[in-house]
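Let the sequences and hints guide you as you build the complete structure.
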Amino acid sequence: SQQGEEDPQALSIQEGENATMNCSYKTSINNLQWYRQNSGRGLVHLILIRSNEREKHSGRLRVTLDTSKKSSSLLITASRAADTASYFCATDDNQGGKLIFGQGTELSVKP
Amino acid sequence: EAGVTQFPSHSVIEKGQTVTLRCDPISGHDNLYWYRRVMGKEIKFLLHFVKESKQDESGMPNNRFLAERTGGTYSTLKVQPAELEDSGVYFCASSRFRTGDTQYFGPGTRLTVL
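Chains as they are written, first to last, in this note's numbering: chain X, 42 to 152; chain V, 8 to 121.
By construction, these hints were calculated from the structure, which means they are not laboratory data.
Keep in mind that the hints are not guaranteed to be accurate.
Below are the DSSO-like pairs computed for lysine-lysine, each with C-alpha atoms no more than 30 Å apart in a straight line [as the list claims (entries may be wrong)]:
#: 1; chain 1: V; residue 1: Lys22; chain 2: V; residue 2: Lys85
#: 2; chain 1: V; residue 1: Lys48; chain 2: V; residue 2: Lys85
#: 3; chain 1: V; residue 1: Lys48; chain 2: X; residue 2: Lys110
#: 4; chain 1: V; residue 1: Lys51; chain 2: X; residue 2: Lys97
#: 5; chain 1: V; residue 1: Lys61; chain 2: X; residue 2: Lys67
#: 6; chain 1: V; residue 1: Lys61; chain 2: V; residue 2: Lys22
#: 7; chain 1: V; residue 1: Lys48; chain 2: X; residue 2: Lys111
#: 8; chain 1: V; residue 1: Lys48; chain 2: X; residue 2: Lys67
#: 9; chain 1: V; residue 1: Lys51; chain 2: X; residue 2: Lys110
#: 10; chain 1: X; residue 1: Lys111; chain 2: X; residue 2: Lys97
#: 11; chain 1: X; residue 1: Lys111; chain 2: X; residue 2: Lys67
#: 12; chain 1: V; residue 1: Lys22; chain 2: V; residue 2: Lys48
#: 13; chain 1: V; residue 1: Lys85; chain 2: V; residue 2: Lys58
#: 14; chain 1: V; residue 1: Lys51; chain 2: V; residue 2: Lys22
#: 15; chain 1: V; residue 1: Lys51; chain 2: X; residue 2: Lys111
#: 16; chain 1: X; residue 1: Lys97; chain 2: X; residue 2: Lys151
#: 17; chain 1: V; residue 1: Lys61; chain 2: V; residue 2: Lys48
#: 18; chain 1: V; residue 1: Lys61; chain 2: V; residue 2: Lys85
#: 19; chain 1: X; residue 1: Lys67; chain 2: X; residue 2: Lys97
#: 20; chain 1: X; residue 1: Lys110; chain 2: X; residue 2: Lys97
#: 21; chain 1: V; residue 1: Lys51; chain 2: X; residue 2: Lys67
#: 22; chain 1: V; residue 1: Lys48; chain 2: X; residue 2: Lys97
#: 23; chain 1: V; residue 1: Lys85; chain 2: V; residue 2: Lys51
#: 24; chain 1: V; residue 1: Lys48; chain 2: X; residue 2: Lys151
#: 25; chain 1: X; residue 1: Lys110; chain 2: X; residue 2: Lys67
#: 26; chain 1: V; residue 1: Lys61; chain 2: V; residue 2: Lys51
As the structure is a prediction and not an experimental result, all values here were calculated from the model.
Laid out in structure tokens, this is it:
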């Protein structure tokens, strides 16, 4: 079964800096989604990128997808303390709808 | 539009007891999913409903877990009897379409089995 792996597992930066998180997966996908989880809260959907797309933007977020390398990256520009959270990638293999999640990256943005 | 809601937000029970978790999906979303995150591990799929039918229950860990979605609206996930390793956060998600669609997650139910 496919499995997402994220790197780094933890990232600590200063406010204003950019944060880059990477995700790798093993099998063919239909799309890849990024989610954020603030401490003790639910998962918030950030962005969905389809397998035929290479890059997508949403506000301060930029997601890239390289299907040849089976990897994706999430870039958060001009980070804020409120961006402190866990970030997960999840893939949809177009088999039935279930998402396969990565281990997540713990991002800490210091004011 | 109201989001996915889950009840309760927290549950603390003793080993051997029964707990029932509830999920109300976004109105009009035929697809409903259950996931869980056990401490320190990744979020894992449990099962998927399309309306009231179980589309995929390959992630259900064992027969102590029973999920229902009578009428195709809200869903319940019952754990009976609960074991220590069942502790974790149980998430529910819903989507309009089966594949290629955004899944919207609820806030989760934190289950602690003592």
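Evaluated hints:
no. : hint                : result
1   : Lys22/V to Lys85/V  : 14 Å, holds
2   : Lys48/V to Lys85/V  : 22 Å, holds
3   : Lys48/V to Lys110/X : 25 Å, holds
4   : Lys51/V to Lys97/X  : 26 Å, holds
5   : Lys61/V to Lys67/X  : 26 Å, holds
6   : Lys61/V to Lys22/V  : 28 Å, holds
7   : Lys48/V to Lys111/X : 22 Å, holds
8   : Lys48/V to Lys67/X  : 18 Å, holds
9   : Lys51/V to Lys110/X : 24 Å, holds
10  : Lys111/X to Lys97/X : 16 Å, holds
11  : Lys111/X to Lys67/X : 7 Å, holds
12  : Lys22/V to Lys48/V  : 21 Å, holds
13  : Lys85/V to Lys58/V  : 18 Å, holds
14  : Lys51/V to Lys22/V  : 22 Å, holds
15  : Lys51/V to Lys111/X : 20 Å, holds
16  : Lys97/X to Lys151/X : 27 Å, holds
17  : Lys61/V to Lys48/V  : 25 Å, holds
18  : Lys61/V to Lys85/V  : 15 Å, holds
19  : Lys67/X to Lys97/X  : 21 Å, holds
20  : Lys110/X to Lys97/X : 17 Å, holds
21  : Lys51/V to Lys67/X  : 16 Å, holds
22  : Lys48/V to Lys97/X  : 28 Å, holds
23  : Lys85/V to Lys51/V  : 17 Å, holds
24  : Lys48/V to Lys151/X : 25 Å, holds
25  : Lys110/X to Lys67/X : 9 Å, holds
26  : Lys61/V to Lys51/V  : 17 Å, holds
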